[in-house]
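Asker: Once you have looked at the hints, place chain V on chain A.
Number of protein chains: 2
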Amino acid sequence: MQIIVAKKAGFCFGVKRAIDMAFDLAKDTKEGVYTLGPLIHNPQVIEKLRVQGVTPIENINSANNIKALIIRTHGVAPNIYEETMKKGFKVIDATCPFVKKAQRYAQTLKEEGYQVLILGDKKHPEVQALLGFAGDNVIIVNGDEPIPPLSNRVGIIVQTTQPIETMKKVVCDVIDLAKEVKVYNTICDSTTLRLKETKELAEAVDLMVVVGGKNSSNTTQLTNLSKKICPKVYHIETADELKDEWFKDKKKVGITGGASTPQWLIDDVVEKLKEISFER
Amino acid sequence: MQIIVAKKAGFCFGVKRAIDMAFDLAKDTKEGVYTLGPLIHNPQVIEKLRVQGVTPIENINSANNIKALIIRTHGVAPNIYEETMKKGFKVIDATCPFVKKAQRYAQTLKEEGYQVLILGDKKHPEVQALLGFAGDNVIIVNGDEPIPPLSNRVGIIVQTTQPIETMKKVVCDVIDLAKEVKVYNTICDSTTLRLKETKELAEAVDLMVVVGGKNSSNTTQLTNLSKKICPKVYHIETADELKDEWFKDKKKVGITGGASTPQWLIDDVVEKLKEISFER
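Here the protein sequences come in this chain order: A and V.
FYI, this note's numbering numbers position 144 of the first sequence as 144, with every residue one higher than the one before it.
FYI, this note's numbering numbers position 261 of the second sequence as 261, with every residue one higher than the one before it.
One chain only, chain A, in its complex shape (with noise of 0.2 angstroms):
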């Protein structure tokens, strides 16, 4: 069986910088380090942070003891921000830096008057705190349900992890409902990149398994993708979840990641199919 590993697959540049500044603080400050909500969306590095003493909370008011908060990749609104500077105590902020350029664009398009368009999981944290950039004249679309009624001038803005697919399908959507359209392309690279790539590995192979986070938005959009295209995909968080009977009578393999997953949790992976072809 061959077992073929997206190159792209595993932390992104700004999952990383958040990860070293948790670990880096965890060695500084001994207790009291806290991440506003999970830093990323994988449950095993998670689990790892919280060892070392770096615990998620739900808001700044769930902990009495913070000594240092880390705001998370996906970042916060600039009303949490604030309040969270008003409290005294040390804030590290890892908000990925394209997520960082987005709130920016966001607040641009509110101050240029523009009804501004966030193409996103509403849910997510990421559009959560864009929301609060993007000021009162905002809507928030998925790219799968109508767009509704929009002003003349819309502004449009995307979370970092929506394929580029999706963005165009929305902007031509908006071409026909407003005159004026300002984009700004926030999906980040490492998003289009993997994507691209997960889409090649997939037609190549007979299996894919994708690693990361069950709550990973875009470990998420790498399987919806390959099971459009890949006859069995397979999405799990650990090793331990592969059954030797998926991979009967399979000759190629794809593994892929997503940014929130460490390469570690793929090399596990790697490791437990080479045993699997192995015995067979």
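Any given hint could be a false lead.
Stated by the list, open to error - The calculated SDA-like cross-link candidates involving lysine to any residue, where the alpha carbons are at most 20 angstroms apart (straight line), are:
#1 Lys168/A x Glu165/V
#2 Lys196/V x Leu177/A
#3 Lys179/V x Cys230/A
#4 Lys169/A x Glu165/V
#5 Lys243/V x Val233/V
#6 Lys179/A x Ala26/V
#7 Lys169/V x Lys8/A
#8 Lys169/V x Glu180/A
#9 Lys179/A x Glu112/V
#10 Lys168/A x Ala204/V
#11 Lys168/V x Val141/A
#12 Lys179/A x Cys172/V
#13 Lys86/V x Ala63/V
#14 Lys8/A x Asp176/A
#15 Lys168/A x Glu180/V
#16 Lys100/V x Asn79/V
#17 Lys199/A x Ile255/A
#18 Lys179/V x Glu112/A
#19 Lys168/V x Glu112/A
#20 Lys168/A x Asp173/V
#21 Lys250/V x Ile229/V
#22 Lys169/V x Phe98/A
#23 Lys101/A x Lys86/V
#24 Lys179/V x Phe98/A
#25 Lys168/V x Ile164/A
#26 Lys168/V x Cys172/A
#27 Lys169/V x Glu165/A
#28 Lys227/V x Trp264/V
Please keep in mind that the hints were generated in silico from the structure rather than gathered at the bench.
Answerer: Quick look at chain V alone, frame taken from chain A:
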């Protein structure tokens, strides 16, 4: 033989306005009335205007008895407008108000530091005039050829008679190349409605007759669109060009006309077709 005439065939608002302005002027000013280039792209209308004393000239130095000069529907670049104003004769600006809007948007994009991308036919006078408003950092695309490398901030305006599908395609292509894209949909509603109606008509008939200037960009587009759908399509300027044999065995004939096609040319075609149908 059933004859169906498109409801939107014939003069658009901007053309009608320009023709009215020219005839009004010819009534008051008995000689020395000129248009800078043909007022609209319809040779039969230009001939009628010529009979009334309104003559097209290539440039403001082509005649030495100019009393009044009409700027045609497609507009002119600001430098030509200024040069004209300095000459001291009466200037009537018959630029279509929708074209005027596109010119203002081109200037706005230039002032905001965008690389301006114009979707249109680079030889068309409307596009030539838009160029004058768009500054030096400008690019013209026709929607067929690949788009060359672009700046990171691109502003898009569109020749008012382009199909919206071409515009959407170009916007999507630009999204692949630039991070910030500001789009003014400067296609006039009349164009979109006319193309939509022509498409529906072409689907419903055995043969399409498209009436209008051979030099008319939007009439040519109606012809090209019809050819993609309908088995037989003829682009004619006048009823004289119709040939009996075209209509042998035809049950349903559709007629449409461009934005610069006068009603009387369409009526002539309908009359001639009724005769052909009756004589069978």
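Asker: Indicate, hint by hint, whether the structure satisfies it.
Answerer: Evaluation of the provided hints:
1. Lys168/A x Glu165/V: holds, 13 angstroms
2. Lys196/V x Leu177/A: holds, 16 angstroms
3. Lys179/V x Cys230/A: violated, 31 angstroms
4. Lys169/A x Glu165/V: Satisfied, since the Cα-Cα distance of roughly 12 angstroms is no more than 20 angstroms.
5. Lys243/V x Val233/V: Within the cut-off at roughly 13 angstroms; holds.
6. Lys179/A x Ala26/V: violated, 37 angstroms
7. Lys169/V x Lys8/A: violated, 29 angstroms
8. Lys169/V x Glu180/A: At roughly 17 angstroms apart (the allowed maximum being 20 angstroms), Glu180/A and Lys169/V satisfy the hint.
9. Lys179/A x Glu112/V: holds, 18 angstroms
10. Lys168/A x Ala204/V: violated, 32 angstroms
11. Lys168/V x Val141/A: holds, 19 angstroms
12. Lys179/A x Cys172/V: holds, 16 angstroms
13. Lys86/V x Ala63/V: Status holds; Cα separation ~16 angstroms.
14. Lys8/A x Asp176/A: violated, 36 angstroms
15. Lys168/A x Glu180/V: Distance ~13 angstroms between Lys168/A and Glu180/V Cα, so the pair holds.
16. Lys100/V x Asn79/V: holds, 15 angstroms
17. Lys199/A x Ile255/A: Holds, at about 12 angstroms.
18. Lys179/V x Glu112/A: Since the Cα atoms of Lys179/V and Glu112/A sit roughly 18 angstroms apart, the hinted pair holds (cutoff 20 angstroms).
19. Lys168/V x Glu112/A: Violated, at roughly 24 angstroms.
20. Lys168/A x Asp173/V: Holds - the C-alpha atoms of Asp173/V and Lys168/A are around 9 angstroms apart, at most 20 angstroms.
21. Lys250/V x Ile229/V: holds, 16 angstroms
22. Lys169/V x Phe98/A: violated, 27 angstroms
23. Lys101/A x Lys86/V: Between Lys101/A and Lys86/V the Cα gap is close to 49 angstroms, so the pair fails against 20 angstroms, i.e. violated.
24. Lys179/V x Phe98/A: holds, 12 angstroms
25. Lys168/V x Ile164/A: Since the Cα atoms of Lys168/V and Ile164/A sit roughly 15 angstroms apart, the hinted pair holds (cutoff 20 angstroms).
26. Lys168/V x Cys172/A: holds, 6 angstroms
27. Lys169/V x Glu165/A: Holds, at roughly 12 angstroms.
28. Lys227/V x Trp264/V: The given pair, whose Cα atoms are some 24 angstroms apart, is violated under the 20 angstroms limit.
Consistency note: the structure conflicts with the earlier hints numbered 3, 6, 7, 10, 14, 19, 22, 23, 28.
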